[in-house]
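**Q** Based on these hints, arrange chain W on the given structure of chain R.
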Amino acid sequence: MKKAILKAESLSKSFSSGGALQHVLKNIDLQLCPGDFTVIMGASGAGKSTLMYALSGMDTPTLGTITFGDTVISGLSQDALAVFRRRHCGFVFQQIYLIESMSVMDNVLTAGLLINRDKNALIARARKLFAAVDISEATQKKFPTQISGGEAQRVGIVRALINEPEVLFADEPTGALNSKTGLDVLNTLTAFHDQGQSVVMVTHDIRSARRGNRILYLKDGSVLGECRLGRYVHGDSNRHEKLNAFLSEMGW
Amino acid sequence: MKKTVLIARANMRRAKGQTAAITVLILVAAAMLNLWLMLSMDYRQNFDRCHDRLNAEHVTLVLNGEADGLTDFVAETLDADARTDQYTMEDCISMVGSLFCNGGEINSEFVILNRHTAENRRIGKVEITEDSEYTSGVYLPILYRSDSSLTVGSEVDITIGSHTGRYTVCGFLNSAMLGSHNCYMCTLIFTDDKYEELEKIGCAPKSTLVSVRIRNLSENEDYEAALKNAVSSQFPQIRTVSNSYSLVSSSRYISQMICSGIVSAMAFFVALIALVVIASNVINYVQENMKNLGALMAAGYRSRQIIAVLLLQFWGIAGIAAVAGIALSYGLFPPINAMMIAQTGIPYTPHFLPVPSVLTLLLIVGSVALAVLLSARRIRRIEPILALRQGVQTHSFRRNHVPLENTRAPLNLALALKTTLSGIRQNVIVCTTMLVLSLVVVFSGLMVENVIVNMDPFINLIVGETADSCINVSIADEERFLETTAADCRVKKAYLYNSIEVRHVGAVALTATLSDDFTEVNNPNVCIEGRFPKYDNEIAVAAKYAGEHNIQIGDEITMTADGNEADYLVCGFTQISNNLGRDCLLTREGYLRMGELSSVSYYISLTEGTDIDAFNEELCSRLDTNASINIHSAVEASAAVYVTLMTIIVAAILILSVLIITFVLYLLVRTMLTGKKRDYGILKAIGFTTGQLILQTAASFMPAVILSTAAGLVINSLIINPLTALFLNGIGIVRCTFTVPVGFIAAAGAGLAALAFGIACLLSLRIRRIAPRTLLSEE
Numbered sequence: 001m002k003k004a005i006l007k008a009e010s011l012s013k014s015f016s017s018g019g020a021l022q023h024v025l026k027n028i029d030l031q032l033c034p035g036d037f038t039v040i041m042g043a044s045g046a047g048k049s050t051l052m053y054a055l056s057g058m059d060t061p062t063l064g065t066i067t068f069g070d071t072v073i074s075g076l077s078q079d080a081l082a083v084f085r086r087r088h089c090g091f092v093f094q095q096i097y098l099i100e101s102m103s104v105m106d107n108v109l110t111a112g113l114l115i116n117r118d119k120n121a122l123i124a125r126a127r128k129l130f131a132a133v134d135i136s137e138a139t140q141k142k143f144p145t146q147i148s149g150g151e152a153q154r155v156g157i158v159r160a161l162i163n164e165p166e167v168l169f170a171d172e173p174t175g176a177l178n179s180k181t182g183l184d185v186l187n188t189l190t191a192f193h194d195q196g197q198s199v200v201m202v203t204h205d206i207r208s209a210r211r212g213n214r215i216l217y218l219k220d221g222s223v224l225g226e227c228r229l230g231r232y233v234h235g236d237s238n239r240h241e242k243l244n245a246f247l248s249e250m251g252w
Numbered sequence: 001m002k003k004t005v006l007i008a009r010a011n012m013r014r015a016k017g018q019t020a021a022i023t024v025l026i027l028v029a030a031a032m033l034n035l036w037l038m039l040s041m042d043y044r045q046n047f048d049r050c051h052d053r054l055n056a057e058h059v060t061l062v063l064n065g066e067a068d069g070l071t072d073f074v075a076e077t078l079d080a081d082a083r084t085d086q087y088t089m090e091d092c093i094s095m096v097g098s099l100f101c102n103g104g105e106i107n108s109e110f111v112i113l114n115r116h117t118a119e120n121r122r123i124g125k126v127e128i129t130e131d132s133e134y135t136s137g138v139y140l141p142i143l144y145r146s147d148s149s150l151t152v153g154s155e156v157d158i159t160i161g162s163h164t165g166r167y168t169v170c171g172f173l174n175s176a177m178l179g180s181h182n183c184y185m186c187t188l189i190f191t192d193d194k195y196e197e198l199e200k201i202g203c204a205p206k207s208t209l210v211s212v213r214i215r216n217l218s219e220n221e222d223y224e225a226a227l228k229n230a231v232s233s234q235f236p237q238i239r240t241v242s243n244s245y246s247l248v249s250s251s252r253y254i255s256q257m258i259c260s261g262i263v264s265a266m267a268f269f270v271a272l273i274a275l276v277v278i279a280s281n282v283i284n285y286v287q288e289n290m291k292n293l294g295a296l297m298a299a300g301y302r303s304r305q306i307i308a309v310l311l312l313q314f315w316g317i318a319g320i321a322a323v324a325g326i327a328l329s330y331g332l333f334p335p336i337n338a339m340m341i342a343q344t345g346i347p348y349t350p351h352f353l354p355v356p357s358v359l360t361l362l363l364i365v366g367s368v369a370l371a372v373l374l375s376a377r378r379i380r381r382i383e384p385i386l387a388l389r390q391g392v393q394t395h396s397f398r399r400n401h402v403p404l405e406n407t408r409a410p411l412n413l414a415l416a417l418k419t420t421l422s423g424i425r426q427n428v429i430v431c432t433t434m435l436v437l438s439l440v441v442v443f444s445g446l447m448v449e450n451v452i453v454n455m456d457p458f459i460n461l462i463v464g465e466t467a468d469s470c471i472n473v474s475i476a477d478e479e480r481f482l483e484t485t486a487a488d489c490r491v492k493k494a495y496l497y498n499s500i501e502v503r504h505v506g507a508v509a510l511t512a513t514l515s516d517d518f519t520e521v522n523n524p525n526v527c528i529e530g531r532f533p534k535y536d537n538e539i540a541v542a543a544k545y546a547g548e549h550n551i552q553i554g555d556e557i558t559m560t561a562d563g564n565e566a567d568y569l570v571c572g573f574t575q576i577s578n579n580l581g582r583d584c585l586l587t588r589e590g591y592l593r594m595g596e597l598s599s600v601s602y603y604i605s606l607t608e609g610t611d612i613d614a615f616n617e618e619l620c621s622r623l624d625t626n627a628s629i630n631i632h633s634a635v636e637a638s639a640a641v642y643v644t645l646m647t648i649i650v651a652a653i654l655i656l657s658v659l660i661i662t663f664v665l666y667l668l669v670r671t672m673l674t675g676k677k678r679d680y681g682i683l684k685a686i687g688f689t690t691g692q693l694i695l696q697t698a699a700s701f702m703p704a705v706i707l708s709t710a711a712g713l714v715i716n717s718l719i720i721n722p723l724t725a726l727f728l729n730g731i732g733i734v735r736c737t738f739t740v741p742v743g744f745i746a747a748a749g750a751g752l753a754a755l756a757f758g759i760a761c762l763l764s765l766r767i768r769r770i771a772p773r774t775l776l777s778e779e
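Sequence lines, in order, name chains R and W.
Numbering-wise (my numbering), the first sequence opens with residue 1 and increments by one.
Numbering-wise (my numbering), the second sequence opens with residue 1 and increments by one.
Taking beta-carbon pairs under 7 Å as the criterion, some of the chain R residues facing chain W (in silico):
hint, residue
1, 53
2, 82
3, 85
4, 86
5, 99
6, 109
7, 123
Stretch by stretch, here's where chain R covers chain W in the computed footprint (C-beta under 8 Å, at least three residues):
hint, stretch
8, 408–418
9, 678–684
10, 689–703
Since the hints were made in silico from the structure, they are not lab data.
Where a beta carbon is used, it is the ideal one built from N, C-alpha and C, also for glycine.
Extracted from the complex, chain R is given alone in its bound form:
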């Protein structure tokens, strides 16, 4: 068995709301292995995004330990977590979150220049990634408000991958897109996963979930069940049935 890249032990997260404590994550134990495409599913309010942001160091857990490689990140300061994120994590958001005052290329380079000293190599990598997601040179010079949602999300993926993160975290990456552009984005993610990129994706869309090789189902802050699928192959009907059966079992 491969060594886990990310490990959560007794992970809990609570929020205080109107004086009452809400336990969003309850005592979760979890391991993510390199090369996995882990999909976190569950109903609204199950704690999917909270779990993903806790695992990625975007948020801190209330209790428990998160170990990334050999580093325990659950006790790090906000600034140390920022440094950790820039080195090890890439993020793709549902709302895309490109900076509107910067060109497409600058959005990517802003993240890349945080850790890359060799600017030429960085630009070359950015161009390679842009080519891989079919973003033209002309588009690279545009501002986010001047491109389509699908293009913007693909730019978001390039930005997430520019620093060669160990894990790419995607929070409902197709949530704000129409089905055609959403499919393009999924194909892009799958393609990078096929090249060895570890991915953690939160979704409540079965079509998106099918891309993963490991499905975690969350309910009321706990992992209710887990389903292992093989590597994604387009048109694999067994995979679809297996996932449907798992989700039915989970009460989806």
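**A** Then chain W, alone, in the frame of chain R:
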């Protein structure tokens, strides 16, 4: 209307910090505006009120000495002049004298009256402002109360002619025309016993004080010149000293004029900054609340109503802040008043002045309304549907400033520059503020260098010529004096520098300064254009006077003294503020074409370390004269008030500058943090630390700060002397030659930029509160 008020109140509550900062800026602007209006509208009138209350004279003439038929002649002259309204003639003792005040020697023509005469003057009543049970001593003008050692019951040494006596201070007096040594004559009231004692000593001649009120005030200077000329022509042996309403009212309010000028400039600049900030705030509000505005318009609100909300909101702030500022100005007025009284010597009781207050309120509220209306015009173009969809683009990014692909700048600097270059409004506000503050820095530097640290340039500008000692000798003793000083190794040089009154025919009296050779003077800057007179037919006149009378270099003007007239060629322009720009320079030979000299004053420069008082005493005893002045001491005493005034002004405007820069940056940083909250969240999510974002934010202000400060310092350094001359024009200064302290200004500019950076960093600490997770879950 009720809804409008509610929305306005809600807007203010939502932006408490911004409301507070704008309130403070308007409060400061209103306070300064009201102070300026009070100083310029009422303070100067105080002299007129005092003058009327004391039924003071318009022209004062002291006839120094007695001669047969003198008073009869004066009475006949006054009676014969149709301009005369009423006059009195009283006995007095008058002589050049001195006393110590504010650490220096005050020299003046003392007009000594006994208490009974003083209090019963029909014209020019003297008011005892502070009395005591002491029955033997002297009453001093309240001007000298500024010296904490001169209090009722204390003792003061007063030199009158050759006699120095120690007198108990019985109290203080107020006299409109004779209450300050800055007006040629200064009165002292002696108790009857001390007055008799002085008469017996005989150190000063019995004199006559002539006080005249005229029918038409505007003729006071002409009247003075004519009267003096008539007396001098008939009795050339009688020394006359005079002053007039115009001269006294101007010279007693020099500090008020300077202070009022500075306060008005500061009020204007602070108000300008406040208005720019308000305009920017309104534009930001429209951008940030596009959806809310769309919702209001969709619900039936008209753009006029939304603008009315903003107007009400800022009127509310401006009105309250202006009223508070007006109240603050009344709080600040007593210390400023105390400072002013130390120079004017005329008591002023602060009281509520409705006109300046109403004007301040109207000016503030009116200008705020204008700023709001101009900046809220955009609301008229909002379409509800587009606004609801955030369809109105808040930015039109036409250009990718500082593309990261090409720039060599480090990442954080490059991102800061991107923010700088895309924030035109932010840059305009920063530049306006820094240009104003750099003027403050340059002015402060100029005052520190030329007034506070080393007052010589200020003294050279105001006083004109200075030396160490001044000795007055009779013409008969002049040769012996010159031999004595030539033989004295302590004397570096002694040169004739004698002031005497002459009259420009057809115009007013001028103070003529005579010298044998003007190349000897220590301050060649007295002559600002052309050259000093060299020949007996040449004259240099005050530039201010020349400007007022359209006199050019090369013109010929006719002067008169002792009843004789002579023509002179104007060879240069001078500036000496002692006589408020009413003076001229002549060679001795030139003056002798008109009049005689019975005595002359010599300025003496002594070697380093010489005890000036001891030297004066020794020289006087050897020459059997008693008229000597320690110029250093005298000048220091006179300048002390100005140095104190300037120190307070510089400290006040520097504190104000720090406040202004803090509030302006607070507003800008807050606006930026609100506007870029989403971007900060994204940047934090992808790995930027709080420290990096704080530095980026603070650094984004720095290009505008540094460039505008540098440009401001250079431009203001170039214009500060002409600007100061403009301020001081009223006292005869047309060209200011203060040293611009480049080092100080550069250091202060760097300090200002560093301060701005530090404040921006501190204010940007709020970035710590932006958590990427919270931001992402909010959207």
